[in-house]
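Engineer: Protein sequences appear in the order of chains A and B. All the letters of the first sequence, read from the start, carry residue numbers 1 to 250 under UniProt numbering. All the letters of the second sequence, read from the start, carry residue numbers 1 to 331 under UniProt numbering.
Hint data in this document are derived by calculation from the structure and do not stem from the laboratory. Take the hints with a grain of salt, since some may be wrong.
To be verified - Short, incomplete list of chain A residues facing chain B, as computed with Cβ under 8 Å:
id, residue
1, Gly73
2, Gln76
3, Leu92
4, Phe93
5, Gly105
6, Glu107
7, Gly118
8, Val120
What the hints assert, rightly or not - Quick list of simulated restraints, FRET-style, between CB atoms:
id, chain 1, residue 1, chain 2, residue 2, range
9, A, Lys71, B, Arg223, 24 to 30 Å
10, A, Gly11, B, Gly218, 44 to 50 Å
11, B, Ala310, A, Asn41, 55 to 61 Å
12, B, Val117, A, Gly111, 31 to 37 Å
13, A, Glu217, B, Leu317, 54 to 60 Å
14, A, Lys234, B, Asn131, 48 to 54 Å
15, B, Ile22, A, Ala179, 32 to 38 Å
16, A, Ala178, B, Gly218, 23 to 29 Å
Said to hold, decoys possible - Once the Cα atoms are required to be at most 27 Å apart in a straight line, the calculated DSSO-like pairs of lysine-lysine come out as:
id, chain 1, residue 1, chain 2, residue 2
17, A, Lys71, A, Lys115
18, B, Lys277, A, Lys123
19, A, Lys244, A, Lys196
20, A, Lys169, A, Lys135
21, B, Lys55, A, Lys123
22, B, Lys166, B, Lys55
23, B, Lys277, A, Lys106
24, B, Lys277, A, Lys115
25, A, Lys106, A, Lys169
26, A, Lys135, A, Lys123
27, A, Lys71, A, Lys106
28, A, Lys169, A, Lys50
Backbone N, C-alpha and C fix where the C-beta goes; we use that ideal spot for every residue, glycine too.
Listed below are the residues making up each chain.
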Amino acid sequence: MSRQALVEMTGIEKRFGPVEVLKGVDFELYENEVLALLGDNGAGKSTLIKVLSGYYQPDAGEISVGGEDRKFGTPQDAREAGIETIYQDLALFDNLDVAANVYAGKEIVGGGWRKLLGFVDHKTMRETAADAVSKMAINIPRIDVEVSAFSGGQRQCVALAKSIMWGRKVVIMDEPTAALGVRETGKVLDLIRTLKSHNLSVIVIMHNIEHVMEVAERAIVMRSGTRRGTVDLKGPDDRESHDKIVQMLM
Amino acid sequence: MTATQVERPSLGRREGIEWKRILLTREMIVFVMILLLGIASTMISPYFLTAANIKNVVIGMSVEMVVAIGLTLVLISGGIDLSVASVVALSAVVVALVFDAGGSVPLALFAGIMSGVIVGAVNGALIAYVNLNPLITTLGTMTIFRSAVYILSGGYAMSSIPASFKEIANGTWVLGLPNLVVLTVLLVLVFHVLVANNVWFRKFSFLGGSEMAAVRAGINTRRLKMLGYIICSVLAAVAGIIVVARLGSSFPNTAQGMELRVITAVIVGGCSIYGGKGTIIGAALGVLFLALVNNILVLNSVSVYWQGVASGCVLILAILSDAIINRGKRS
Ligand SMILES: Nc1ncnc2c1ncn2[C@@H]1O[C@H](COP(=O)(O)OP(=O)(O)OP(=O)(O)O)[C@@H](O)[C@H]1O
Ligand SMILES: [Mg+2]
Chain A
1 MSRQALVEMT GIEKRFGPVE VLKGVDFELY ENEVLALLGD NGAGKSTLIK
51 VLSGYYQPDA GEISVGGEDR KFGTPQDARE AGIETIYQDL ALFDNLDVAA
101 NVYAGKEIVG GGWRKLLGFV DHKTMRETAA DAVSKMAINI PRIDVEVSAF
151 SGGQRQCVAL AKSIMWGRKV VIMDEPTAAL GVRETGKVLD LIRTLKSHNL
201 SVIVIMHNIE HVMEVAERAI VMRSGTRRGT VDLKGPDDRE SHDKIVQMLM
Chain B
1 MTATQVERPS LGRREGIEWK RILLTREMIV FVMILLLGIA STMISPYFLT
51 AANIKNVVIG MSVEMVVAIG LTLVLISGGI DLSVASVVAL SAVVVALVFD
101 AGGSVPLALF AGIMSGVIVG AVNGALIAYV NLNPLITTLG TMTIFRSAVY
151 ILSGGYAMSS IPASFKEIAN GTWVLGLPNL VVLTVLLVLV FHVLVANNVW
201 FRKFSFLGGS EMAAVRAGIN TRRLKMLGYI ICSVLAAVAG IIVVARLGSS
251 FPNTAQGMEL RVITAVIVGG CSIYGGKGTI IGAALGVLFL ALVNNILVLN
301 SVSVYWQGVA SGCVLILAIL SDAIINRGKR S
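Extracted from the complex, chain A is given alone in its bound form (with noise of 0.2 Å):
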């Protein structure tokens, strides 16, 4: 393949102690791509991408955005670079409505006196909060109670609209559907195609292959550090990369 990849590592080797957790992995994510990220528990999978979130730091290979080498320090590098995590507990203030929550730490602050007061715009805030969840497949009743009360699905409803709002690049969700039922697995999913639907690219991991099948293009199996390979998926139905995907996870 010759097509420019969005994000890429090379050699990623990361140690914790005497564990070998990744032992030289090649890694790339196409332009407007959905990729699971699959692979037994304790494969390295998390691991990978917490060096890309800047979670980590790798002991040993590069990363490179765009085409441009990079090093993340932090999470907050990896984030000016357009790659946000989604976290699986999701990182939500329980005790706040959909619009203090997308904008936390980055409130918009009101014109005149207000802007003397460092006074928050509130209307503004909620409405493009608003239009930003609106936009996602999963409905939000209303966006001025607190999120404690949403759903599983409508949390992670509220932690993607932050990522578009902000327009990311690249979204990365470490087993998003790991605590949901089949209905809001179903949604999840759906939110994923929504994200993909506004030209973001999108590294999820998931253990269940026919999800994965449902809604991602390409697979990238991983075994005891290593990447086994990648295989690319034809939608649903596609039998022989099922079997392919099945065969490499043995």
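For this one, chain A is given, so just place chain B with the ligands on it according to the hints.
Structural biologist: Below, chain B with the ligands without anything else, positioned relative to chain A:
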């Protein structure tokens, strides 16, 4: 796309006034309770609605209300400060010591406030940077600061307070209202508006909601925590200054037990001891409500020993009503 398309006309916009939501806020409930209590008290006691009595209640609760502001801020941020009452007494004794030594009014004010900054920094550093538990840390500093008060004062009341200083609390510079009442109302309003609207003050509710999420939102949570405790102690120190100015003397047992009274009041006013919830206005209304309850007991010559029973019952009723209102909501 299989996205479910649902009509969302009301999203983000507020359709009319939602009375049910407004009426069920804790602030509104306490406010209505205050009105009802006021009406009942007026009918029970002819003395209740007299200027003298109202003035008594309002002046009497001012100090607790100023303390409540800072404590609420700390509670919203997910912490707690049991040392506030000791800080009130400490600042009071520091002010009195400055006057004893012949210091001026501005110097006394400065010293009083500085005592708040310093002890707040001690609480804040231990909690935010050494990662000690706030409840236990401030339990410790509560006893330490109270001892310091006795050590500094030798256990005696100090009364060499100049008249110009007393004027700060008792003067009636605005609309004939006692200064301490004006100051208290001003502080309540300013802090309420700041916590609701100011970018920096809003961070306290982020911190109280989820410390991890706050870190990920780029907030320097340690520094914020520390500053929360400093603000809390400075407000307690201001309350101490008010006490000395009002009474014209500083007693070593000033504000003894006040921390629990204030915590009770702010929880009645809607704060959560688990952090993230509460407003300054709510806390102030909680203080006012408990002050009125105590006042009506006094007016009806109920023994003061019953005041604790009353506050305790109000507190339990408050959290009970919470449980009932929140039943059916997800937790
Ligand atoms: N901080 C750490 N310190 C020590 N060992 C770690 C650390 N993080 C991960 N590991 C080890 O690295 C290996 C890979 O972990 P990782 O979480 O990346 O796996 P994973 O593929 O995400 O697995 P799962 O599917 O169970 O989430 C595991 O053996 C794990 O015990
Ligand atoms: Mg994992």
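Engineer: So, for every hint listed, does it hold in this structure?
Structural biologist: Evaluated hints:
no.: 1; hint: Gly73; in the structure: violated, 14 Å
no.: 2; hint: Gln76; in the structure: holds, 6 Å
no.: 3; hint: Leu92; in the structure: holds, 6 Å
no.: 4; hint: Phe93; in the structure: holds, 3 Å
no.: 5; hint: Gly105; in the structure: holds, 3 Å
no.: 6; hint: Glu107; in the structure: holds, 5 Å
no.: 7; hint: Gly118; in the structure: holds, 5 Å
no.: 8; hint: Val120; in the structure: holds, 6 Å
no.: 9; hint: A/Lys71 to B/Arg223: 24 to 30 Å; in the structure: holds, 26 Å
no.: 10; hint: A/Gly11 to B/Gly218: 44 to 50 Å; in the structure: violated, 31 Å
no.: 11; hint: B/Ala310 to A/Asn41: 55 to 61 Å; in the structure: holds, 58 Å
no.: 12; hint: B/Val117 to A/Gly111: 31 to 37 Å; in the structure: holds, 34 Å
no.: 13; hint: A/Glu217 to B/Leu317: 54 to 60 Å; in the structure: holds, 59 Å
no.: 14; hint: A/Lys234 to B/Asn131: 48 to 54 Å; in the structure: holds, 52 Å
no.: 15; hint: B/Ile22 to A/Ala179: 32 to 38 Å; in the structure: holds, 34 Å
no.: 16; hint: A/Ala178 to B/Gly218: 23 to 29 Å; in the structure: holds, 27 Å
no.: 17; hint: A/Lys71 to A/Lys115; in the structure: violated, 36 Å
no.: 18; hint: B/Lys277 to A/Lys123; in the structure: holds, 21 Å
no.: 19; hint: A/Lys244 to A/Lys196; in the structure: holds, 25 Å
no.: 20; hint: A/Lys169 to A/Lys135; in the structure: holds, 17 Å
no.: 21; hint: B/Lys55 to A/Lys123; in the structure: violated, 40 Å
no.: 22; hint: B/Lys166 to B/Lys55; in the structure: holds, 17 Å
no.: 23; hint: B/Lys277 to A/Lys106; in the structure: holds, 21 Å
no.: 24; hint: B/Lys277 to A/Lys115; in the structure: holds, 26 Å
no.: 25; hint: A/Lys106 to A/Lys169; in the structure: holds, 18 Å
no.: 26; hint: A/Lys135 to A/Lys123; in the structure: holds, 19 Å
no.: 27; hint: A/Lys71 to A/Lys106; in the structure: holds, 24 Å
no.: 28; hint: A/Lys169 to A/Lys50; in the structure: holds, 17 Å
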